[in-house]
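Throw the hints in and build the complete structure from the sequences for me.
Chain by chain, the residues run as shown.
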Amino acid sequence: MLETVVQQFLNGLTLGGIYALIALGYTMVYGIVKLINFAHGDIFMLGAFMGLMVASQFTNNFFIIVIVAMAICAVVGLLVEKTAYRPLRESKPKNMIFTAVVVVLILAVAFISKTSVANLFDNPSIFIGLAVFIVFTAWLVRGRLKSSNKGGSSRINALISAIGMSIIISNMVALIRGPQRATYPEVISLGNITFGTITISMLQIFIILSSLVLMCILYVVVHKTKAGVAMRAVSQNADAARLMGINPNKIIAFTFAMGSALAAAAGVLVGVYYTVADPTMGNMYGLKAFVAAVLGGIGSIPGAMVGGVILGVAEVFGVAFIAPSFRDAIAFGILILILIVKPSGIFGSKAKEKV
Amino acid sequence: MDLIFNSYVLQIITMCSINIIIVLGLNLITGVTGQLSLGHAAFASIGAYASTLLMLNLGLPFFLALPLGALVAGVSGFFLGVPILRLRGDYLAIATLGFCEIVRVVFLNLKITRGALGISGIPHHTTPLIAAVLAILSIAFMFNMENSRFGLALKSIREDEIASEMMGINIAKYKIMAFAIGSAFAGLGGALYACQITFISPVDFGFMKSVEQLCMLVLGGMGSIVGVVAGSIILTSIPELLRFASEYRMVMYGIVLIMIMAFRPQGLFGNIKVNL
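Those sequence lines, one after another, are chains R and L.
Count along the first sequence starting at 1, add 324, and that's the number in our numbering.
Count along the second sequence starting at 1, add 4, and that's the number in our numbering.
Covered stretches of chain R (chain L as the covering partner; in silico rule of three or more C-beta atoms under 8 Å from a C-beta of chain L):
no., region
1, 424-436
2, 458-466
3, 613-620
Now the in silico label distances, taken between C-beta atoms and shown as ranges:
no., chain 1, residue 1, chain 2, residue 2, range
4, R, Ile-646, L, Pro-127, 35 to 45 Å
5, L, Asn-113, R, Met-325, 21 to 31 Å
6, R, Phe-333, L, Glu-163, 46 to 56 Å
7, R, Val-399, L, Glu-251, 21 to 31 Å
8, L, Val-86, R, Gly-515, 50 to 60 Å
9, R, Ser-649, L, Val-79, 22 to 32 Å
10, L, Asn-151, R, Lys-418, 39 to 49 Å
Think of the hints as simulated: they come from the structure by calculation, not from any bench.
Ideal Cβ positions, reconstructed from N, Cα and C, are used throughout, including at glycine.
Okay, here's the thing in structure tokens:
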């Protein structure tokens, strides 16, 4: 019995560390722009695939894999923010046109990815479709720029835009490299150590330690650097921060990049741990990490860490001792329970409503 | 006539009508009352499963099972609404999403729903006529409701909860009623869907289905019945017309959501803005 409990607890900590890494991105972005970044789970998935790409084509060095995946996903995070969220915050022509161009590019890439370059001109309907789409986009942009309503949009709109981005990322990955699962090569082999009857996988310890190190780095960045101070300032009061000479747009972009890098690291860790990656895994991990963020108190960084660990342990124990087939329901049951009992979460501060 | 109304076109008309009914329910919750729901497909699945099981296991006739399916969905919407409608905005959206996942997992694990295998061999009762008539009745119902005292109360909740509470509107009661009625419409649509496709499984009603319904609503314009009808018809029939682009379908949904939100937040046919 003891072996099982210790073993399951370690499994829970491993999973919890991964959830915590993803949850940090949700919580930082929510703290700063009050938006649930639905695309975050898909950036996590993208991180796993980027790690896979590096591992299978270039090097077997774990640290290079993680750093490359983090860098790529940080850039993707910046793009996501600029495409899907910035035009909703401020409808300047510059932001609108950027979004329009990115959207057309995504569609073009999607079309081209399914046709080889030699056959590109065989099917004219693709080009007609693309042309119609570009005209439609231009019409929409023109209408938006001419309309009298120049203010930012409401939060429901940002949430829907985030869902759109999430669908685009996961389906683009599925389009480009096929919807099937991919097997991760073995990049670290550490073996097991045994204490009496208890066997501990060193890989699990390695993953737990990696997530701890990343969280410590994040803590230092948020609390000891100028950018971190600016981040906390914007999350407390964006207007006051602007008066102090902080550019909120830059800080928001920085937050997205940092959260995405952490998610990418989590993606590589998941790939290494479970040795598979598939284009739809972002959904479940993303949603559960979000549950972890809510559990800890959304907007609170220590909350995300604690929430992730609690959720991971609860899920593993629920699967092991209660009902294995209800694995996904456990996390959402916890979510609904916490939302009903204490919506602000463990570390969250209760928001006062201003009239 | 045969050229226009062949079975393929009739099938598309049926699916359009079913989606109109479901999205009208979502519109009542999200568009009119302003409570973002990401779990609408769960209620469609409850309606579909309830009416199917009533028909197959208890031998009820279709015209009885259909309203009963809607009723079961509405009642479960009511019981979900009581605890979670105290939440606002993002939290509510996430709670409905969680509920959707729980419903899916429950249907996957119940014996009576035959788990992941799904239920096949459902009698094909949904004719294009029934679907279209029900869709038109639903539209008429929603038009009447929007301008009734009830509908105006819901709109005032959307515009400003605190102000409408000051005006003596019982916010909790109205929200729960809107949620229950919207869920009942989803259940009705789900029941029709089951009798049209003759096969249902939990996979058909996942988060992506909810997103698809939300996409229809957003494209047409939240809070606008014309928008609901247009959005449902466009997004149901375009994938049929563009068969060659079926692989890009989901990417297109994503792009539509982002573009509409960035460039035309009120939707193609809406003229109002929904505030959280």
